[in-house]
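Q: Residues per chain, in single letters:
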Amino acid sequence: MSFTAVDYGTMVMLFILVAASLAMYFIKDLLHAVIVYGAYSLIMALVWLQMNTPDIAITEAAAGIAMTVLMMVVISRTSRKEG
Amino acid sequence: MRLRTLPMLLILLLVAYVVVVAVTELPPYGIAGNPVHNQVSQRYIESAWEETGVLNMITAVVLDYRAYDTMFETIVLFTAVLAVIITLKTTEREGDGK
Amino acid sequence: MTDFILKRVAALLLPFIQMYGLYVILHGHVSPGGSFAGGIVVGLAFIAFTTIYGLKKGRAKISEKATALVESYGTLWYGLMGMVGVFKGAPFLANKIAGIDLGELGALSSGGLIGLIGLGVGIRVSSTMITLFFTMIEEES
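Respectively, the protein sequence lines represent chains A, B and C.
Under our numbering, the residue at position 9 of the first sequence is numbered 9, and the numbers go up by one with no gaps.
Under our numbering, the residue at position 32 of the second sequence is numbered 32, and the numbers go up by one with no gaps.
Under our numbering, the residue at position 1 of the third sequence is numbered 1, and the numbers go up by one with no gaps.
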């Protein structure tokens, strides 16, 4: 019986992380990109929890929400479209 | 712009594939022979509770063994807030003579 | 924003969110969590209050002078806790070597200086979040 580093659930979550990162690069509407970043942060917290590090999971969830709020404030102060 | 998007997407997918392959090649969790289990982590696990009196080992490392790192981390936060205030604060204080 | 349901739900929930943040800060050396995560949660409670109830009421809760004081003296608090070791004839930021009583393992008062340092860092991080938010939202447009 061979152990792999991650099981299939974690593998699916890692693929979602890659897809969210690519989407943040390609989306032109910055508000949508911030929403995708919130989803990325949630999945990242779940991955940390899966890897037995609840400290980092709590910090990632809190800091992800905080960064989302601050970016939304910046978007409300500046332009919503990229470029 | 459309011309640059496709090669960029291919390069990003290649990098993502390399990252996934590297993750699958990681050593399994919780096995005693892993290279991360050297004498440093062994020292923390065995004697952190009696050297610092703290149950949470991460707090013992962050706030006791590596307390200098955390101190300068708070100074980095202070500097970041100073930079934001200097750049964005536009309300004038009264009595400034301006 | 004048949404009745949002205001009522926030008034019910925000004290508990703040209490959870303080719990995470104070129990950082016993359970998972820590000063950074707990400080961000406490700061987010103030940010949510300001977002829902408006800028004037949020500024009434926590003034500019208070955030400036906490922001400046929170950094000094860390150095002050480090100087305790120096006054006792040990290196800077020393905890057990300085002869401080570590207390019973697993209790809230265990760890000597670690709990005090964590409290200071947590309050500082929350004031950082509040200061960033207010500085960005108060910009004259």
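Honestly, the hints are just simulated from the structure, not real lab data.
Note that the structure is predicted; figures quoted are calculated from it, not measured.
Among the clues, some could well be false.
Stated by the list, open to error - The following residues of chain B were derived to be distant from chain C, with all beta-carbon distances above 12 Å:
#1 12
#2 27
#3 35
#4 42
#5 43
#6 45
#7 55
#8 57
#9 58
#10 62
#11 63
#12 66
As the list claims (entries may be wrong) - The following label-pair restraints were derived from C-beta to C-beta distances:
#13 A/35 / C/88: 48 to 56 Å
#14 B/85 / A/35: 23 to 31 Å
#15 B/17 / C/20: 35 to 43 Å
#16 B/69 / C/90: 15 to 23 Å
#17 A/35 / B/69: 29 to 37 Å
#18 C/6 / A/35: 16 to 24 Å
#19 C/15 / A/53: 23 to 31 Å
C-beta atoms are modelled at their ideal positions from N, C-alpha and C, and glycine is treated no differently.
Q: Now tell me, hint by hint, if it's right for this structure.
A: These are the hints, each one checked on the structure:
1. 12: holds (31 Å)
2. 27: holds (24 Å)
3. 35: At about 26 Å from chain C, residue 35 of chain B clears the 12 Å cut-off, so the statement holds.
4. 42: At about 19 Å from chain C, residue 42 of chain B clears the 12 Å cut-off, so the statement holds.
5. 43: Since the minimum Cβ distance to chain C is about 15 Å, residue 43 of chain B lies beyond 12 Å and the statement holds.
6. 45: holds (15 Å)
7. 55: Violated, since 5 Å does not exceed 12 Å.
8. 57: Nearest chain C Cβ is 10 Å from residue 57 of chain B, so the label is violated.
9. 58: Nearest chain C Cβ is 7 Å from residue 58 of chain B, so the label is violated.
10. 62: violated (7 Å)
11. 63: Given a closest Cβ separation of 5 Å, the condition is violated.
12. 66: violated (10 Å)
13. A/35 / C/88: 48 to 56 Å: holds (52 Å)
14. B/85 / A/35: 23 to 31 Å: holds (28 Å)
15. B/17 / C/20: 35 to 43 Å: holds (41 Å)
16. B/69 / C/90: 15 to 23 Å: holds (19 Å)
17. A/35 / B/69: 29 to 37 Å: For residue 69 of chain B against residue 35 of chain A, whose Cβ atoms are near 34 Å apart, the range 29 to 37 Å holds.
18. C/6 / A/35: 16 to 24 Å: Hint holds: Cβ distance 19 Å, inside 16 to 24 Å.
19. C/15 / A/53: 23 to 31 Å: holds (29 Å)
When the structure is compared with the earlier hints, violations turn up for hints 7, 8, 9, 10, 11, 12 and for no others.
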